[in-house]
Amino acid sequence: MQKPRIRWHIAVFLAPAVLVYSAIMIFPLFNTLRLALYSKVDQERIFVGLQNFKTLFMDPIWSEQFWNALGNNFWFFIIHMLVQNPIGIALAAILSHPRLRFAALYRSAIFIPTILSFVIVGFAWKLILSPIWGIAPSMLDAVGLKSLFAPWLGKEEYALTTLALISVWQFVGIPMMLIYAALLSIPEEILEAGEIDGITGASAFWKIKLPLILPSIGIISILTFVGNFNAFDLIYAAQGALAGPDFSTDILGTFMYRTFFGFQLQLGDPHMGSAIAGAMFAIILVGVCIYLWGIQTRMRRYQL
Amino acid sequence: MNKARNNPLNMTLMHGALILYTIIALFPVFVILINSLKTRKAIFREPLALPSSDSFSLVGYQTVFKQGDFFLYMQNSLIVTVVSIFLVLLFGAMAAFALSEYRFKGNTLMGLYLALGIMIPIRIGTVAILEMMVATGLVNSLWALILVYTAQGLPLAVFILSEFMRQVSEDLKNAGRIDGLSEYTIFFRLVLPLVRPAMATVAVFNMIPIWNDLWFPLILAPAEEVKTLTLGSQVFIGQFVTDWNAVLSALSMAILPVLILYVIFSRQLIRGITSGAVK
Numbered sequence: 004m005q006k007p008r009i010r011w012h013i014a015v016f017l018a019p020a021v022l023v024y025s026a027i028m029i030f031p032l033f034n035t036l037r038l039a040l041y042s043k044v045d046q047e048r049i050f051v052g053l054q055n056f057k058t059l060f061m062d063p064i065w066s067e068q069f070w071n072a073l074g075n076n077f078w079f080f081i082i083h084m085l086v087q088n089p090i091g092i093a094l095a096a097i098l099s100h101p102r103l104r105f106a107a108l109y110r111s112a113i114f115i116p117t118i119l120s121f122v123i124v125g126f127a128w129k130l131i132l133s134p135i136w137g138i139a140p141s142m143l144d145a146v147g148l149k150s151l152f153a154p155w156l157g158k159e160e161y162a163l164t165t166l167a168l169i170s171v172w173q174f175v176g177i178p179m180m181l182i183y184a185a186l187l188s189i190p191e192e193i194l195e196a197g198e199i200d201g202i203t204g205a206s207a208f209w210k211i212k213l214p215l216i217l218p219s220i221g222i223i224s225i226l227t228f229v230g231n232f233n234a235f236d237l238i239y240a241a242q243g244a245l246a247g248p249d250f251s252t253d254i255l256g257t258f259m260y261r262t263f264f265g266f267q268l269q270l271g272d273p274h275m276g277s278a279i280a281g282a283m284f285a286i287i288l289v290g291v292c293i294y295l296w297g298i299q300t301r302m303r304r305y306q307l
Numbered sequence: 012m013n014k015a016r017n018n019p020l021n022m023t024l025m026h027g028a029l030i031l032y033t034i035i036a037l038f039p040v041f042v043i044l045i046n047s048l049k050t051r052k053a054i055f056r057e058p059l060a061l062p063s064s065d066s067f068s069l070v071g072y073q074t075v076f077k078q079g080d081f082f083l084y085m086q087n088s089l090i091v092t093v094v095s096i097f098l099v100l101l102f103g104a105m106a107a108f109a110l111s112e113y114r115f116k117g118n119t120l121m122g123l124y125l126a127l128g129i130m131i132p133i134r135i136g137t138v139a140i141l142e143m144m145v146a147t148g149l150v151n152s153l154w155a156l157i158l159v160y161t162a163q164g165l166p167l168a169v170f171i172l173s174e175f176m177r178q179v180s181e182d183l184k185n186a187g188r189i190d191g192l193s194e195y196t197i198f199f200r201l202v203l204p205l206v207r208p209a210m211a212t213v214a215v216f217n218m219i220p221i222w223n224d225l226w227f228p229l230i231l232a233p234a235e236e237v238k239t240l241t242l243g244s245q246v247f248i249g250q251f252v253t254d255w256n257a258v259l260s261a262l263s264m265a266i267l268p269v270l271i272l273y274v275i276f277s278r279q280l281i282r283g284i285t286s287g288a289v290k
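Protein chains in written order, with our numbering: chain S, 4 to 307; chain D, 12 to 290.
Rather than coming from a laboratory, the hints here were simulated on the basis of the structure.
Given the structure is predicted, the values throughout are model-derived calculations rather than measurements.
It is possible that part of the hints are untrue.
Below, a sample of chain D positions facing chain S; criterion: calculated Cβ distance under 8 Å [said to hold, decoys possible]:
no.	residue
1	L29
2	P132
3	I133
4	A139
5	V169
Using N, Cα and C, we set each Cβ at its ideal position, and we do this for glycine too.
Let's have the full structure, built from the sequences with the hints guiding it.
Structure below.
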């Protein structure tokens, strides 16, 4: 009998990926969570336990900003769920129609905003909505709705919703593509069986296709959730690190950036920044767990 | 076939809806591109008109070329994107091969460990990443970005590639083994060429987020000589806010390379998404 030899090639194949991934992703993640438990006093790093979190949630100066950013972040997410995903599903439902011509052309064109960077998207919309340039007001004027125009990005009550809608405009291509793929994978026989039972057109969509694509809708929801609670770039590009006007568009990403890196007169504080990162981590983790245990396991039964 | 499924009225409505949304999707890009080619006066007088011989002007592009170092930024972005994608593919494929080909203790655990990063964004660890890059002297170098993007891309790459490698025929690999090929040769010469379509999908998936990222260039590499195109245009536009010609031209310069890449790779990208690679 041969004694088991060590298969070195397995280690060689795994090593680079595991090393880079552990060193740059996993280790810093835990190190950030650890740094959240420290604070800097007189140039020295001291252990303070959960003090930073207490400051973040309770201290009026910090907690006001934190809850504001968290609330804004939830609103940002809700707009995506209510606008982006339904539009994406509707577009995919139309595109997946078997006799639709130019489907590939529409698909490629509608996906274009998704490939653009936040910087481009943020500035382009800022210019278009700008009252100085006047594209948006003159277009509204053309349809007789000029009175509806307001400098949306500059008003506290509209700015966040406007930015969320810009983000929806940018990312609608992703739910569209994923749902489109799911719709194409529904076997023709099922739809034909439905037709024999008299279920066609819109009712075929609601009664047959929609239940079958629920797992994809679940994936889209969790992707949207993680993406939104990790968002930063669009707000930074359009409104700057101060997330104006008067912090009305501040979300967790911009709040963490300002805290950790410092901005203008405010000095950067890596430990409070880490505490905010810790809170973001907890929120994302809760979301992912709800998805994995609550939604995905329950959806199995619809799978083909 | 049932009539309800190809009713001409429905068809018209469907095209109408799609055309309307296509216009919404393309309108802002179109407005930026046409106005970047106009004089300042024309930009404000008739923002929706195409540039004519009267209103045509390249003054914005002249400012961009004089003031900003866009070719350097573009070169930096290219280096970062290409090297990161190369490393993601190489390391990711190697790890995917180990996980899909060999049975060893801890295989499933290792797979789960590597899959963690699919859902947890790497940005959460930014504070410690910056500290580490400062300590190792990599801050303000392209390597800092390359390492971060490689780590960010690996989890999904390993996941997708190992799904595909499981489909590579067992007989082929065993034939190679009987011919005395080493495991490394089997991987590089037999398996890699067969999973090329999956590698292309992974590459295209990674390309867009890396090219467009603003967060890590802003934090890890803000120095002038290592600015990426995304950060470079952000800073440039911030400085030239009131020079509309320059801003519109800088935006167009940032849009064009991505659009060109998209035209080249869109079929690959769309096939990748619709083939269910992300399920």
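Now for the hints, and whether the structure bears them out:
1. L29: It holds, given that the least Cβ distance between L29 of chain D and chain S is near 5 Å, below 8 Å.
2. P132: holds, 4 Å
3. I133: With a minimum Cβ separation of about 5 Å from chain S (threshold 8 Å), the hint on I133 of chain D holds.
4. A139: At 4 Å from the nearest chain S Cβ, A139 of chain D passes the 8 Å test, so the hint holds.
5. V169: Result: holds, 6 Å to nearest chain S Cβ.
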